[in-house]
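Protein chains in written order, with our numbering: chain A, 14 to 99; chain B, 14 to 99.
Relax, there's no trap hidden among the hints.
Chain A side only, calculated, beta carbon under 7 angstroms to chain B, not exhaustive: (1) G40; (2) L44; (3) R53; (4) G55; (5) D59; (6) V60; (7) Q63; (8) M77.
Taking CB as the label site, the calculated pair distances span: (9) E65/A x L81/B: 35 to 45 angstroms; (10) V29/B x E68/A: 28 to 38 angstroms; (11) Q63/A x Q33/B: 14 to 24 angstroms; (12) N71/A x A36/B: 22 to 32 angstroms; (13) P32/A x N75/B: 20 to 30 angstroms; (14) A28/B x E95/A: 20 to 30 angstroms; (15) S89/B x G40/A: 14 to 24 angstroms; (16) E16/A x E16/B: 32 to 42 angstroms; (17) Q67/A x N75/B: 26 to 36 angstroms; (18) Q33/A x E79/B: 13 to 23 angstroms; (19) E95/A x E47/B: 14 to 24 angstroms; (20) E68/A x E65/B: 36 to 46 angstroms; (21) E65/B x E16/A: 36 to 46 angstroms.
Because the hints were derived from the structure by calculation, they are not lab data.
Heads up, the beta-carbon is just placed ideally off N, CA and C, and yes, glycines get one too.
Protein chains: 2
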Amino acid sequence: MREWLGKITVVPKPAVNDPQGIAVLDGLHSLDFEEVRQVRVGKHLDVRLQAESQEQANEQLNVMCERLLANTLIESYEVRVEESDE
Amino acid sequence: MREWLGKITVVPKPAVNDPQGIAVLDGLHSLDFEEVRQVRVGKHLDVRLQAESQEQANEQLNVMCERLLANTLIESYEVRVEESDE
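Chain A extracted, bound-state conformation (with noise of 0.2 angstroms):
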């Protein structure tokens, strides 16, 4: 068993309201950054787990999503899995 640190990051399905991004939309045309024309703002997710293999680390932060970390019906979720350095 090795570690590994998933990186995973859930974000609004782009039909879905995301008060919170515009609130910081707003917020930085406030600080005349008038050149952003749009912001999501999601979760991000580092997550260190024991695991057998990447594919194996993937596969289980996958499900880990699908039952607890995104609500996929108003989420989309992407996993990254990179060796950890701890």
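With the hints as your guide, set chain B onto chain A.
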């Protein structure tokens, strides 16, 4: 001017308490994901903006992080820039 997609990750620094990460870790253990050792929870932002070049977009996004998007006392951030496909 072209459109770029900035992908920003903001996570609590290692020394900073992360109660949300502990809650997610407990939740994963309750669901029998015993192989998970640590979870850290942060923010992910997709920022679409206009800029002359990828370098300029990257620079602007870093300034936004310093001024609004991250609390650099307790959070670290990472910026990546891609060509926007929209």
